[in-house]
Amino acid sequence: MAVAVKTKETSEVQTEQLMTGCEAIAEAIRLADVDVMAAFPIRPYDTVMQAAAKLIANGKLDCEYIVADGEHSQFEIVKHACAVGSRVFVGSSGVGWFYAFEAIAVTAGLRLPVVAICGNRALDDPGAFGTEHNDSLAVRDLGWLLPWAETAQECLDLALMAWRVGEDARVSLPVAIGLDGGFLTHSQQLVSVPTRAATDAFLPKFDLGDRLLHPDNPITIAPQVDQDWLMEIRRQNDAAMRRAIDVITEAHADFKKLFGRGGDSPFLDEYMTDDADVVFFGQGTLALPMKVAIRRLRAEGHKVGLVRLKWFRPFPTDEVVKSLSRFKAVGVVDRDYSFGSPHYGGVLYNEVRSALYSREQRPTIVGFVAGLGGREIDQSMAREIYEKTAAAATGGLSAGDQCHWIGVRE
Amino acid sequence: MTGIEYRDRLRRQMLPHILCPGCGHGIVLKALLRAARSLELDWDRTVFVAGIGCSSRLVGYIDGCTLHTTHGRALTFATGMKLARPELTVIVITGDGDGLAIGGNHLIHAARRDVDLTCLLLNNETYGMTGGQAAPTAEPGAISTTTPGGARERSFDACALAVAAGASFVARGATSLPLELDGLIARGIAHRGFSFLEIASDCPEYFGRYNQLGRGPEMLQLQRRRLDEVDRTLRAKRSLGSRRAEGPPPLRTGVLHERPA
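Just so you know, the sequences run in chain order A and B.
The first sequence begins at 235 in our numbering and counts up by one.
The second sequence begins at 56 in our numbering and counts up by one.
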């Protein structure tokens with residue numbers, strides 16, 4: 235539970251507290267004044283449902299809260315609460331997320347701005363509780379916005395951003411925030427918690443406008459359209475996803491103005507890249523061991539840095555191209571797999587390569603699959619990733635050497 | 056049944072088990088092994104199928120043909136297995152979250168089809184494995200990590216559900232009556248058709264702690280009081296000190312419903 239061991243006023247707009255990533259999400263739920271949330275236990279997501287239940291019991295959050303009978307009904311409940319104008323929150327992990335898949339697909343199809351977390355967890359079988367990104371990534375083509383958090387602070391910040399961006403009439407799409415299971419969902423960090431008043435200045439009330447399902451506004455949602463209209467509807471989702479880039483940029487600028495956080499770019503977080511020849515590229519808590527490795531490698535004279543992706547969908551193609559074109563080589567580290575994909579690389583690897591294809595000046599890209607099932611990416615692995623990437627930058631890449639699995643026992 | 060060597064039926068490499076001190080599930084596991092022995096089940100033609108949760112972990116400790124499946128789906132795996140290999144004795148171990156929430160629909164239809172399976176549903180009123188969330192069997196007023204102010208929804212009677220859905224054998228046992236449990240499980244397995252047994256078990260680590268019901272022994276005593284007619288009358292007059300609104304409801308054990316399949 236959130237322990238205010240060091241509560242102190244950092245400014246008029248926020249206080250500092252020690253809490254886990256999931257508890258930071260629960261604080262965001264309180265600040266956003268969520269109307270309806272549905273829950274169903276599965277590790278590691280479930281910490282957030284307990285934290286929210288406690289906020290309700292303590293009178294800090296006025297929210298309809300239901301423990302559903304499974305993830306499928308859990309996601310259906312919030313979807314329809316959203317259709318009638320409620321601000322909603324939901325979440326799951328791993329196979330639980332997959333059990334809700336029908337509702338997940340429909341939520342994006344209906345353009346309902348449900349905000350969810352996916353406490354990233356390996357898919358069964360074989361059973362494992364640790365982080366893998368394939369659960370979140372399974373929805374990458376469906377119209378969900380997919381940000382990934384690195385710290386508990388970013389969990390809270392991204393959640394507030396999620397309601398603001400998702401509910402914006404120009405976007406009106408669901409958002410699923412990726413939280414690395416265990417590493418982020420359950421580890422405590424200091425978090426600056428905005429005041430309610432400051433949050434209200436950032437996050438307007440949810441208003442579905444003329445899409446509100448209400449007796450005074452008789453409309454039809456989820457009609458059967460067949461081939462007559464389906465392409466036009468899909469194209470609207472595509473247009474909304476394109477507009478999301480600007481809406482995220484706006485929200486990021488406002489957030490930074492109010493709370494002084496969020497870095498220079500809404501989409502990328504760069505670390506020691508100014509003079510770098512080689513960079514690591516990845517998302518989530520991967521950044522933590524990589525930053526340590528970068529400091530050690532730099533002490534030995536290697537010019538290495540990190541580019542962390544904050545939003546996977548919409549994929550910030552222009553920003554990624556602009557950033558990565560500056561380097562000689564990029565080591566893309568995937569905490570996911572995509573069996574049978576081009577070069578047998580991870581999902582992120584192939585997205586990055588695709589984004590850079592049309593550029594004349596493009597870095598050498600090497601793919602790495604590492605840290606699956608919550609396996610820690612330690613310093614020797616980070617060094618191996620660096621060495622393979624740096625070697626490719628000078629010596630080129632042979633056909634069978636584009637992607638590597640790191641830290642696999644033989 | 057005396058003289059049983061439990062260790063011969065347990066995967067010793069899986070021990071020590073993950074169940075918490077005082078958990079009632081081990082009592083059920085031993086009763087199941089005694090029942091299997093009393094029926095002299097052919098161990099190579101007996102399959103234990105489970106879903107997800109603390110109760111479902113039991114199959115991991117049985118040294119036999121076992122299948123640990125996905126959350127709520129044990130009965131569908133078992134149905135498929137029984138259809139393909141009708142000569143097998145198929146025993147499903149599930150919990151209240153697994154069998155009544157996420158897998159509730161499968162329970163209804165397994166009962167309706169009256170598939171020749173035995174389903175042991177261990178009811179401890181909570182999702183223990185994920186941290187003590189309220190299950191649909193938690194009584195109104197029960198404290199849990201999702202109901203820190205007390206559960207507000209009604210719980211439901213799993214045995215009544217199984218009877219209504221068409222199960223041809225329905226019984227309720229309790230971990231505080233382990234020898235009765237042996238007999239009930241044996242009768243369930245011997246019955247041809249869908250046998251449903253709800254077994255009142257205890258979760259001292261979460262449910263007991265949150266509801267101030269004591270550790271394992273105290274929870275077993277409380278279970279016994281729920282079984283006892285005299286105490287039931289007394290309880291109507293005074294609270295047992297539980298933080299629940301009305302104290303726990305009475306428990307009725309034994310075979311509740313039986314008809315030829």
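The hints are simulated quantities; they were obtained by calculation from the structure and are not laboratory data.
A virtual CB, placed ideally from N, CA and C, is assigned to each residue, including glycine.
Misleading hints may appear alongside valid ones.
[To be verified] Under 8 angstroms between C-beta atoms, here's a sample of chain A residues computed to sit facing chain B:
{"#": "1", "residue": "Val-329"}
{"#": "2", "residue": "Asp-358"}
{"#": "3", "residue": "Arg-445"}
{"#": "4", "residue": "Pro-449"}
{"#": "5", "residue": "Ile-453"}
[Said to hold, decoys possible] Simulated coverage check for chain A against chain B, where a stretch passes if three residues somewhere in it have a Cβ under 8 angstroms from a Cβ of chain B:
{"#": "6", "region": "373-384"}
{"#": "7", "region": "472-478"}
How the hints compare with the structure:
Satisfaction of the interface hint for A/Val-329 is found here, the shortest Cβ-Cβ separation to chain B being roughly 7 angstroms, below the 8 angstroms cut-off. This hint holds: A/Asp-358 has a C-beta 7 angstroms from the nearest C-beta of chain B, less than the 8 angstroms allowed. Hint on A/Arg-445 is violated. Least Cβ distance to chain B is approximately 31 angstroms, over the 8 angstroms limit. Checking A/Pro-449 against chain B by beta carbon gives a least distance of about 27 angstroms; that is not within 8 angstroms, so the hint is violated.
Look at A/Ile-453: its Cβ only gets to about 31 angstroms from chain B, farther than 8 angstroms, so that hint breaks. A count of 0 residues in the region 373-384 of chain A with a Cβ less than 8 angstroms from any Cβ of chain B is obtained; the coverage claim is therefore unmet, three being the minimum. Coverage of the region 472-478 of chain A by chain B is violated [criterion: at least 3 residues with CB-CB distance below 8 angstroms; count 0].
Consistency with the previously given hints fails for numbers 3, 4, 5, 6 and 7, ordered from lowest to highest.
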